[in-house]
Amino acid sequence: MRDAREFNSFYQKMRKGAGLSLQDNVFLTINGSDDLVELCNKFYDFKICEERGGEVVGRDKYKYKDKDVSITLRREDYSRNKDKDVSITLRRGNDL
1 MRDAREFNSF YQKMRKGAGL SLQDNVFLTI NGSDDLVELC NKFYDFKICE ERGGEVVGRD
61 KYKYKDKDVS ITLRREDYSR NKDKDVSITL RRGNDL
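Sequence positions in the sequence shown follow this note's numbering and run 1 to 96.
Hint data in this document are derived by calculation from the structure and do not stem from the laboratory.
Among these hints, one or two may not hold up.
Simulated pairs of lysine-lysine, DSSO-like, Cα-Cα distance not exceeding 27 Å [stated by the list, open to error]:
no., residue 1, residue 2
1, K63, K47
2, K16, K42
3, K63, K42
4, K61, K47
5, K65, K13
6, K63, K13
7, K67, K13
Estimated spans, in silico, between C-beta atoms of each pair [what the hints assert, rightly or not]:
no., residue 1, residue 2, range
8, R59, D34, 18 to 26 Å
9, S9, D66, 15 to 23 Å
10, Q23, K65, 27 to 35 Å
11, M1, E55, 27 to 35 Å
12, Q23, D66, 29 to 37 Å
13, S21, D66, 29 to 37 Å
14, R5, D66, 17 to 25 Å
15, G19, D66, 28 to 36 Å
16, N41, S70, 15 to 23 Å
In this text, all values refer to a predicted model and were calculated from it rather than measured experimentally.
Where a beta carbon is used, it is the ideal one built from N, C-alpha and C, also for glycine.
Input sequences plus hints: build the corresponding full structure.
Structure representation (structure tokens):
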């Protein structure tokens with residue numbers, strides 16, 4: 001659970017640094033760690049997707065289990081995805 005809190009703090013700092021408000025929807029791309037994707041899957045409502053269209057609003061490296069993981073935030077691009085939903089909506093843990 002500590003790992004989940006630390007990643008959420010990192011994610012919120014990325015959003016703030018990108019000038020995003022709570023109402024701004026973004027997709028989160030995690031490259032380099034399936035374990036981190038599973039952690040997000042367990043605790044959060046992040047929209048995780050593969051690299052694709054949409055304006056990149058934040059990109060950074062995150063250290064997770066001694067690995068550098070590439071994290072990218074992209075604005076949702078509704079024009080490219082109106083026929084199919086490629087995001088995965090994840091649930092939020094209430095105990096964080």
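Here is how each hint holds up against the structure:
Restraint check for K63 and K47: the C-alpha separation of about 20 Å stays at or below 27 Å, so the hint holds. The hinted pair formed by K16 and K42 meets the criterion: a straight-line CA distance of about 23 Å does not exceed 27 Å. For the proposed pair K63 and K42, the alpha carbon gap of about 19 Å is at most 27 Å, so the pair holds. Note on K61 and K47: the hinted pairing holds, with a Cα-Cα distance of about 18 Å set against a maximum of 27 Å.
Under the criterion of a C-alpha separation no larger than 27 Å, the hint pairing K65 with K13 is consistent with the structure, at around 20 Å. Using a Cα cut-off of 27 Å, the hinted pair K63 and K13 holds, with the two alpha carbons roughly 15 Å apart. The suggested pairing of K67 with K13 holds, with an alpha-carbon distance near 20 Å, which does not exceed 27 Å. Between R59 and D34 the beta carbon distance is about 20 Å. The supplied range of 18 to 26 Å therefore holds.
At roughly 19 Å, the beta-carbon separation of S9 and D66 lies within the given 15 to 23 Å, and the hint holds. At about 33 Å, the CB distance of Q23 to K65 agrees with the hint of 27 to 35 Å. Checking the proposed 27 to 35 Å range against M1 and E55 shows it holds: the Cβ atoms sit about 33 Å from each other. The supplied range of 29 to 37 Å is met by Q23 and D66, whose beta-carbon atoms lie about 36 Å from each other.
Against the hinted window of 29 to 37 Å, the Cβ-Cβ separation of S21 and D66 comes to about 34 Å, which satisfies the hint. For the hinted restraint 17 to 25 Å between R5 and D66, the CB-CB distance of approximately 19 Å keeps it satisfied. Taking the beta carbon of each, G19 and D66 are about 31 Å apart, inside 28 to 36 Å as hinted. Checking the proposed 15 to 23 Å range against N41 and S70 shows it holds: the Cβ atoms sit about 18 Å from each other.
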